[in-house]
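Protein chains: 2
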Amino acid sequence: MDLSSFFPVWNKLSDAERTVLEASAVKRTFLKGSVLHSGSDECTGLILVNSGQLRAYTSSPEGKEVTLYRLLDMDICLFSASCMIRGIGFIVMLSAEKDSEVTIIPADIYKKLMQNSAVIAGFTNELMASRFSDVMWLVEQIMWKSFDKRLAAFLLEESNIEDSLTLRITHEVIGNHLGNPREVVTRMLKYFADEGLVALSRGTVTLTDPDKLRKLAED
Amino acid sequence: MDLSSFFPVWNKLSDAERTVLEASAVKRTFLKGSVLHSGSDECTGLILVNSGQLRAYTSSPEGKEVTLYRLLDMDICLFSASCMIRGIGFIVMLSAEKDSEVTIIPADIYKKLMQNSAVIAGFTNELMASRFSDVMWLVEQIMWKSFDKRLAAFLLEESNIEDSLTLRITHEVIGNHLGNPREVVTRMLKYFADEGLVALSRGTVTLTDPDKLRKLAED
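Taken in sequence, the protein lines are chains A and B.
Each residue of the first sequence is one higher than the one before, counting from 1 in my numbering.
Each residue of the second sequence is one higher than the one before, counting from 220 in my numbering.
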């Protein structure tokens, strides 16, 4: 199994380390909508995304959700192996937003490598730093931006990921991403529609004026 | 300089590594209110808190602030040395909430040690994981808890840190901690006072019914 493209430090690893990683890697497929990882007790392992799209999110006791970040092709999910690292006191859930093929490195194998290699530990550090940055971005979005800007930014990001101006997405799903009730999303989308920013139909949102949306998001 | 109490992995370091750390360490004092670290360009280094109290926070373009976490005696600030770790794309500011004595390990020295030692890299990982947990806690507070619960939790935490039921703190400062305008804080504190949870006077907030506050915060 070719793992070199996932690990920028591949060339700095020893032959033995590479062999251990390759021998332990397992391929799995998850259908759209399925949950890959749902709690702190589980320790799925390091999840490498070969293709598809995963969503990392957190959930309130009442089932309210907010998206933390997305994992696309060639991304690595660290927190599905959170048992590896002491000091992680939170739960990240993971679900497939598209049919996805992933490669899993078992947590115990990776942990052992990390404990013995400064290169692998350093790489893990960078991985965590980059997810930390995503979450800090979210904190800033929540704290500083009002909902109209957050919704505009979300629609543009979705449109970018899907490479389409028409998004097949319900108001409820948007609300789950942004941590707002469906009613608030619906109200704001109607306002956007009135302003000519989007067009709404059952189950889709079409970006009719991406430039104006961008201006709103960046304002 | 005795650094062993800051580094739980001290016994696992080589003599050479310990010598480098000790030789590079510099003691500094910061008066209450002073800013230790204020941006991404700076790379102050690893800050070890000998005594006092530091506040890590983020700030909006308009100067709105929100507290990310506090650093008390024996805590280590990683993000004042964020240049050490690739992938960190956010800015954490740091100010002294009390007169504080800190020990600084220069970033370039620590980075070199980290690149060559799986033990130090692993320790750095745990440090980041624990700050990440603090920030995730904050995200959950913001997303799931309404402001009354957040304010109650904040007052109890402050009272705990200060070891006093009377807090010398302005509504504006509370607002900066929680990311809300002063007016919102004032309104909610007045509501708390009406309910008999706190007593207000110029520049102080006294917790008159901590049990009821706790119940509100945990509800």
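Check the hints yourself; a few may be wrong.
Pairs of lysine to any residue, SDA-like flavour, derived with a Cα cap of 25 Å [stated by the list, open to error]: (1) B:Lys364 to A:Phe6; (2) A:Lys27 to A:Glu42; (3) B:Lys331 to A:Val9; (4) A:Lys112 to B:Lys251; (5) B:Lys364 to A:Ile142; (6) A:Lys98 to A:Gly39; (7) B:Lys251 to B:Ser279.
Only part of the chain B face toward chain A is listed, based on derived beta-carbon distances under 7 Å [claimed, not checked]: (8) Arg305; (9) Gly306; (10) Phe309; (11) Asn335; (12) Gly341; (13) Ala348; (14) Ile361.
In short, the hints are calculated from the structure, not lab data.
Just so you know, even glycine gets a beta-carbon here, dropped at the ideal spot from N, CA and C.
Status of each hint after checking the structure:
1. B:Lys364 to A:Phe6: 38 Å, violated
2. A:Lys27 to A:Glu42: 18 Å, holds
3. B:Lys331 to A:Val9: 17 Å, holds
4. A:Lys112 to B:Lys251: 43 Å, violated
5. B:Lys364 to A:Ile142: 13 Å, holds
6. A:Lys98 to A:Gly39: 21 Å, holds
7. B:Lys251 to B:Ser279: 22 Å, holds
8. Arg305: Nearest chain A Cβ about 5 Å off; hint holds.
9. Gly306: 4 Å, holds
10. Phe309: 4 Å, holds
11. Asn335: 6 Å, holds
12. Gly341: 5 Å, holds
13. Ala348: 4 Å, holds
14. Ile361: The hint holds - Ile361 of chain B has a Cβ within 7 Å of chain A, the shortest such distance being about 6 Å.
In summary, the structure is inconsistent with hints 1, 4 from the numbered list given earlier, while agreeing with the others.
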